[in-house]
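Engineer: Here's the letter readout for the chains.
2 protein chains.
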Amino acid sequence: MELLFLGTSSMVPTKERNHSAILLTYGAENILLDCGEGTQRQLKMAGVASPKITKILISHWHGDHVLGLPGLLQTISASEYSKILEIYGPRGTKKHFEYIKKAFFFEEKFEVKVREIEEDGIFFENEDFCIEAKLLEHTVPCLGYRFSEKAKRKIKVDAAKKLGIPQGPLLGKLQEGKSVTWKGKKIMPEQVTYEKEGKSVAFILDTVMCESCVGLAKDADILVCEATYSEELEHKAEEYKHLTAKSAAMIANRANVKQLVITHFSPRYKNPEKLAEEARNYFDKTLCAKDFMRIRV
Amino acid sequence: MELLFLGTSSMVPTKERNHSAILLTYGAENILLDCGEGTQRQLKMAGVASPKITKILISHWHGDHVLGLPGLLQTISASEYSKILEIYGPRGTKKHFEYIKKAFFFEEKFEVKVREIEEDGIFFENEDFCIEAKLLEHTVPCLGYRFSEKAKRKIKVDAAKKLGIPQGPLLGKLQEGKSVTWKGKKIMPEQVTYEKEGKSVAFILDTVMCESCVGLAKDADILVCEATYSEELEHKAEEYKHLTAKSAAMIANRANVKQLVITHFSPRYKNPEKLAEEARNYFDKTLCAKDFMRIRV
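The listed protein sequences derive, respectively, from chains B and R. Each residue of the first sequence is one higher than the last, beginning at 1 in this note's numbering. Each residue of the second sequence is one higher than the last, beginning at 1 in this note's numbering.
Bound conformation, chain B alone (with noise of 0.2 Å):
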């Protein structure tokens, strides 16, 4: 699994920051989060090619999170894509994509499911992932949202070794949780194979501190988080209903998750960085995002 940073600015952009977007790689899947205006043309600087995106997870619709929409669709539309791109986001979500397809010439030459998501919970699950959403406390509906791995059985190569078991369907047997019986001998899954744990990553894009937060971001190896204004500018953050860096720490200290990114920068700050201290302060494992950085998870 793969993040790679589009655009870490909040509703301005400044010469090194773009408007929010963010793109979870995972397999064949390239989940876009977010896709604020110039999106497109950062794919483009990052070697991405716009037809490769699987889904959009919307947030809400402010302006900042989703100009690059129409745009990114136009050029998806020009290429020949053959997959039905899935885009997800809160109430009212159909009504703004119904208005954007109105608002310019639009050619929709490929299939597009626009989905709404009404309740918190898991919208969206196959064999290897699911994505969960919970609704945020913003000035618009807006939601978090999390992608989790499932758990995988892997084959504990040298123990199979041991015991002589060829590649094939027998190890694939035993990796799917069953017995086998292998030279007379009862062999069981847990001799051969371990459960390796799936990583998660939550993201938390515009939204005061609330229980929500902690909830979707409970345990998560990475959290992704708003911390658009410093500790001093606490009253503008509610005011706006945005994150400090401390409150964004506070909540992946609460929600104890190993890793916390914090992105979304008012563009008074020249250099973000001095937020990641600030939040360091509260949560020690605090990276600060910047356009285009890469993080394996």
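Hints are not guaranteed to be accurate.
As the list claims (entries may be wrong) - Dumping the calculated DSS-like pairs for lysine-lysine here, alpha-carbon to alpha-carbon at most 25 Å:
| # | chain 1 | residue 1 | chain 2 | residue 2 |
| --- | --- | --- | --- | --- |
| 1 | R | 241 | R | 199 |
| 2 | B | 270 | R | 52 |
| 3 | R | 55 | R | 15 |
| 4 | R | 102 | B | 102 |
| 5 | B | 241 | R | 185 |
| 6 | B | 101 | R | 101 |
| 7 | B | 95 | R | 109 |
| 8 | B | 274 | R | 44 |
| 9 | B | 101 | R | 113 |
| 10 | B | 156 | B | 199 |
| 11 | R | 290 | R | 274 |
| 12 | R | 270 | R | 55 |
Claimed, not checked - Derived contacts from chain R toward chain B, CB cut-off under 7 Å, selection only:
| # | residue |
| --- | --- |
| 13 | 13 |
| 14 | 70 |
| 15 | 99 |
Everything labelled a hint here was simulated from the structure, so no lab data went into it. Virtual Cβ for every residue (Gly too), placed ideally from N, Cα, C.
Got chain B; can you put chain R on it based on the hints?
Structural biologist: Frame of chain B, contents of chain R only:
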């Protein structure tokens, strides 16, 4: 007068070229011609504050020419904008604009005046300049624009000195084209003033070759013209209703302009200088636009 190219790509941006947008600065006027996705950030990169913009002229409502509009308006809205922003565009502009406002949560804290241009001709005029539009031939309603500075009577400083006329109201009257009496002699305006012709710039963005192109550009100091394709892709140019570099040069030639600047290049051209070379076979004074290029007129 100055032109600043903010984006020189056509439908899809490249690493080097953003979507269409050109800023024309004339005194306190900052007129934006088209506003492709990412224009507000391009302005920032060029050191121009978005709230300086006074007018926006939309050629047509294809995404690559307008998708930067909502973000730009949002950024202007967050400033202390006390002017009335004027937006001009072809038939349908008001409807598109209303849908944009519905598509995103958007606070309009300043006054915007949207006007659809229904007929060819001058649609804006003041003491210093006028702006004219002509309907071109594209797949959707699309306007070409021409900005024309008015002729101005200037003082022949040496002649005024020779006659001993002091700086002040007398010279002012002569500059207005009126005769005055100085030391008992009648002084005619022609004796101490001359008429300086105004400069003009025509903008032809997205069209096939048509007579309106030539009419709009007639004798202009600068013609900014799309040249999406090279000559060998003329069939594509016809299919998508665009110009080749050769056609742009032919328009410049027939319209007798002083300088041609080509822009709006297909992303297939890594170095669009080859398109300028092609154009120079038909019109010598051809320049190839680049993002952030400035031209003094």
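Engineer: So, for every hint listed, does it hold in this structure?
Structural biologist: Hint-by-hint comparison with the structure:
no. : hint            : result
1   : R:241 <-> R:199 : 29 Å, violated
2   : B:270 <-> R:52  : 22 Å, holds
3   : R:55 <-> R:15   : 28 Å, violated
4   : R:102 <-> B:102 : 10 Å, holds
5   : B:241 <-> R:185 : 75 Å, violated
6   : B:101 <-> R:101 : 13 Å, holds
7   : B:95 <-> R:109  : 23 Å, holds
8   : B:274 <-> R:44  : 23 Å, holds
9   : B:101 <-> R:113 : 23 Å, holds
10  : B:156 <-> B:199 : 20 Å, holds
11  : R:290 <-> R:274 : 13 Å, holds
12  : R:270 <-> R:55  : 32 Å, violated
13  : 13              : 4 Å, holds
14  : 70              : 6 Å, holds
15  : 99              : 4 Å, holds
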